[in-house]
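Residue numbers (UniProt numbering), protein chains in the order written: chain R, 1 to 438; chain G, 1 to 438.
Hint data in this document are derived by calculation from the structure and do not stem from the laboratory.
Just so you know, not all the hints are guaranteed correct.
Said to hold, decoys possible - Lysine-lysine pairs mimicking BS3-like chemistry, simulated, CA-CA at most 25 Å apart: (1) R:K303 / G:K383; (2) G:K429 / R:K391; (3) R:K74 / R:K48; (4) G:K2 / G:K153; (5) G:K315 / R:K349; (6) G:K282 / G:K224; (7) R:K383 / R:K429; (8) G:K2 / R:K391; (9) R:K391 / G:K383; (10) G:K391 / R:K383; (11) G:K391 / R:K429; (12) R:K41 / R:K99; (13) R:K429 / G:K153; (14) R:K399 / G:K383; (15) G:K303 / R:K293; (16) G:K48 / G:K100; (17) G:K20 / G:K87; (18) G:K303 / R:K383; (19) G:K391 / R:K303; (20) G:K349 / R:K315; (21) G:K399 / R:K383; (22) G:K293 / G:K227; (23) R:K391 / G:K391; (24) R:K383 / G:K429; (25) G:K383 / R:K293; (26) G:K294 / R:K383; (27) R:K71 / R:K100; (28) G:K303 / R:K315; (29) G:K293 / R:K383; (30) R:K399 / G:K391; (31) R:K224 / R:K282; (32) G:K150 / R:K303; (33) G:K315 / R:K303; (34) R:K315 / G:K315; (35) R:K150 / G:K303; (36) G:K383 / R:K294.
There are 2 protein chains.
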Amino acid sequence: MKKVVKFGGSSLASAEQFKKVGNIIHADESRVYVVPSAPGKRFDGDTKVTDMLLHAYQTASEGNDIDEELKAIKARYDEIITGLELKDFSLDDEFAEIKKNLSENPQSDYAASRGEYLNGKVMAAYLGIPFIDSAEVIFFNEEGNLNDYKTYKRLTERLAQNERAVIPGFYGMGKNGNIKTFSRGGSDVTGSIVARASRADVYENWTDVSGFLVADPRIVPDPKPIKYITYRELRELSYMGASVLHEDAIFPVRSCGIPINIKNTNAPEDAGTWIVESTCQKQDYVVTGIAGKKDFCTIFITKAMMNSEIGFGRKVLQAFEENNISFEHMPSGIDTMTIVVHADEFIDKEQSVVSAIHRLAEPDSVEIESGLALIAVVGRGMKSASGTAGKLFTALANKGINIKMIDQGSSELNIIIGVENRDFETAIKAIYSTFITK
Amino acid sequence: MKKVVKFGGSSLASAEQFKKVGNIIHADESRVYVVPSAPGKRFDGDTKVTDMLLHAYQTASEGNDIDEELKAIKARYDEIITGLELKDFSLDDEFAEIKKNLSENPQSDYAASRGEYLNGKVMAAYLGIPFIDSAEVIFFNEEGNLNDYKTYKRLTERLAQNERAVIPGFYGMGKNGNIKTFSRGGSDVTGSIVARASRADVYENWTDVSGFLVADPRIVPDPKPIKYITYRELRELSYMGASVLHEDAIFPVRSCGIPINIKNTNAPEDAGTWIVESTCQKQDYVVTGIAGKKDFCTIFITKAMMNSEIGFGRKVLQAFEENNISFEHMPSGIDTMTIVVHADEFIDKEQSVVSAIHRLAEPDSVEIESGLALIAVVGRGMKSASGTAGKLFTALANKGINIKMIDQGSSELNIIIGVENRDFETAIKAIYSTFITK
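Using the sequences and the hints, build the whole thing.
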C-alpha cells in the first residue's frame, strides 16, 4: 500500500497546522510521498505567502528593493520553523538566492513557486525525509502543457530511488529552462502526477473541509457530505463552481484508476469524499450532488425552415468561435435555437456576436437575454431510478419556479435546468429537500 | 370579407365530391378564389390522377405510345364532367395538347401539373367563373424557389381584374419557360400564395379531416380536435410527421397575418382547426398537441475538458455538414455531447460521420446508438402554466418509461423528450391522458 498525500495551504499555514500534518503522516506508514502547498491564511484577512511573493516580484520588476517584502515572508517561515523546534535548520541560503534571482531577473512564475519550494524544504526537514525539487522532475512543453513523457520518465526514476520524499506542489521546469507554474491551486495537479508516477494506491488530498457536500452550504444549511463520487459526476458538478479540487487534477489519476480521497486536516477522523472511477457502494440518495451558477446569457435565434437547413447550427457556433466564446448549452426546436453562454465571456462581445450570427447564418431574428441561472442535478443512480425528472420538476413547480431550459441526454447522469437568477437559491433548496430526505 | 378556398384531392376525386365542394362555395359568398388539387383516390387502392400522369410521362420518356394512359386519365375527368352534367364542356382540346407535348418533349413537372390544370378547367366550368392558369401568375427563380416579387405583382394584378376565379394548385412557370411544380402536396402552397396576393381575410384549406387532432389517432383512440393553434405551435408539431398541411404553406400567409382554417369537405359544419398568428381564445388544455417520430440515432461524444475548448461544437457539427446531414438536437454536458439525427439520413453515412468527427474534433470517444423516439409536447399555454414538466415526467415515470433525452428552452412552448422506440406509443398515451383530461 502506497499513498501520496497533498496538503493545501490552510493545512500548512502555521506550526500548529504543520504538527497536525505530521501526526497524519506518522499515523499511516503508507503515506510515503508528501506534496505541500505554500503556507495559506492563518486567519481571516491574513495574506497567503504566494501573494506576498507575487507582491515582491512586482516590486522587483519595478526596479525597487525587496528586502522589506522578503523579510515579511521569511518571518512566516521562521514562525513555523521555531514552532516546530527544528534545530540546525534555516532558510537563509534559500532567501539569499531568491533575493538575488528576483532582483537580477524578476520572473513571476519563479516568484510564485517559491512558496511551495520553501515549504517543501521545511516539510522535508520536519519529517526527516528527502526533498525532491519539482523543477528536476516535472516538465512543461513549448505550449506550456505538461510534457508527459519526460515528466513521468524522470519522476518515476527519482521516486524509485526514494522510498519517501517531499515534492513541492504547483511548479516545474518550463521548456526555456525557467521555472513555470500550473494555474492557481495547481498543487492538486502535482499531487495527482506524483500519484500516477509512483502508481500509488490512493491519492489523499488534505484540505480544510471534510470532502464535498451535496449542495453549497451557503444555500442549503448543513448539507450532507458526499461519500463516493465518480470522476464523471465530479466533472459535471465541478464546472458549476465547486472549487475544492483543481479540475486538471482529475486526469492524471483517472487514466490509471487511482482513487482520490478528499480529507480534512482539522478532522482527520472524518471519512471525507472518495472520488473514484466507478463504485458498487450503495448510495444513500439518487442524487449525488447539486451545483449551479448564476448569470448566464441566452441568445435566441429564429429562422423559418431552420430545421432542414444543413449547416445552420455550424454557422451559428462559428459566430461564437470567431469571438472566442465557448457555449454551455444549445437547446433547439424546429425553427428556433438558443445558445447559452457565460455572461462574463459574452457581455463585452454581445454586439459582435449578434452581427456575426446575422452575417454567417442569416437568421430571421436574434434576441439576447441575461439573468439565467443553471443548475446541474447529478447522480449516477439517476439512470436506473425512474421518476427522478418527475419528482424534480414537481418540486420546482410547487415552489412556483418557472423552468426556462432543460437539457438532459448527453449522459444519463445529469439533468441541467435553467431558471431565472432570482429563483436560483429557492430551486436548489427545493431540489435538495426533495432528494436528500433523511 | 374575402376567402381563398383550397380543396384537396380527396375533396375532388369524383362528381359526388365536386358537388359537396360546389355547395360549400355557394354557401358563402365570400369564398371568391378557388384553388383545386388534382382528383385523388375515390376508394382505398384507387390511383391518384397525378400518379397516372407521372406514369404516362414515364412511358413517353421511354419512347412509347401513351394513348392508353391518357385514355384512363380522361375517363376519370369524364366521369366527373358527366356526373356534374356539364353541357357543352369537354377536355378534348386539352388532352390533345397534353398528348402532343408529352410525346414530343416529355417533362415530369409538366405531366404532374396537368392534374390540377385539368381539374381547374372543370371547376371553372362547374362554378361558371374565370380560370386563371397558374403558369401565368406564379413564377419560380433560377434556384427553383418562388420568385416573390414577380409572382405577387402579376398575381395581384390578375386577381384585381377577377372578382372570382379558379387558380389551379401545385404549379407555376419555371425560369426556363417550362412548367415547374412545388413538392407533392404543393397545392396548399398555391392557396397560401393566392390568399396573400388577394389579401384575403381567411385561407380555408378543405381536406378530408376536421382539422388537426391533439394526438395521432393511430396511437390515441378518438383524440380531441385542436380548435386553435398558432403558426409556431404548428411548426413545432408538423416536423414530427403531421401531414395535413404542406409546411411551406404557412409562410406566405403567416407574414401578413391571414389565418388558415382547416375544414372537412365531408363535414363542413365542423369548426375545424384555426391556424393563427396569436390568439386570446381560452384553451381547453395546457397542451395544444403531442407529436412524435421513431427511429432517431444518437452520436455520443466524450472529450476531457470539452467544455472549455472553443470551437469543439462547431467542429462536430461540421462533420455532419460535410456529410450533408441535418441534426435535430444537441444536448451537452461538461465533457460530453450528443447529436440526435434521423436514422434514415444517418445510417448509410455513419462511419463517414464518425471518422470526420475524429478527424475534425479529436474526441476521446464516439459511440453511436439507434432506436430513439422523439416526442414533442407543444402548447403556448405551457409558459404560464406551472407544473407542466412535473406532471409530464411523473406520468412517464408511472408507466416505467426511461427518459433518454430532454430538450426544452429554444422556445417556451415545447418540451422535446427522447424515449426508446418501444416506449413510444405508451409515452404518447400517458402524456395524452395526463393533459387531456375531459
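Are G:K391 and R:K303 close enough, with their CA atoms no more than 25 Å apart?
-> 31 Å, violated
Regarding the pair G:K399 and R:K383, is the alpha-carbon distance no greater than 25 Å?
-> 16 Å, holds
Are R:K74 and R:K48 close enough, with their CA atoms no more than 25 Å apart?
-> Given that 25 Å is the threshold and the Cα spacing comes to 13 Å, the pair holds.
Satisfaction of hint between R:K303 and G:K315, Cα-Cα up to 25 Å | 22 Å, holds
Taken at face value, is the distance from the CA of G:K100 to the CA of G:K48 at most 25 Å?
-> 22 Å, holds
Does the structure keep G:K2 and R:K391 at a Cα separation of 25 Å or less?
-> At roughly 52 Å apart (the allowed maximum being 25 Å), R:K391 and G:K2 break the hint.
Take the C-alpha atoms of G:K150 and R:K303, compute the straight-line distance between them, and say whether it is at most 25 Å.
-> 24 Å, holds
Under the criterion that the straight-line Cα-Cα distance not exceed 25 Å, is the pair G:K391, R:K429 satisfied?
-> Between G:K391 and R:K429 the Cα gap is close to 20 Å, so the pair holds against 25 Å.
Hinted pair G:K315 and R:K349, Cα distance within 25 Å = Answer holds: G:K315 to R:K349 is near 22 Å, not above 25 Å.
Holds or violated: G:K293 to G:K227, with C-alpha atoms at most 25 Å apart | 23 Å, holds
R:K399 and G:K383: Cα distance at most 25 Å?
-> Holds: R:K399 and G:K383 sit about 16 Å apart, inside 25 Å.
G:K383 paired with R:K294 [C-alpha distance capped at 25 Å] = Answer holds: G:K383 to R:K294 is near 21 Å, not above 25 Å.
Of the numbered hints given earlier, the model fails hints 8, 13, 19; all others are met.
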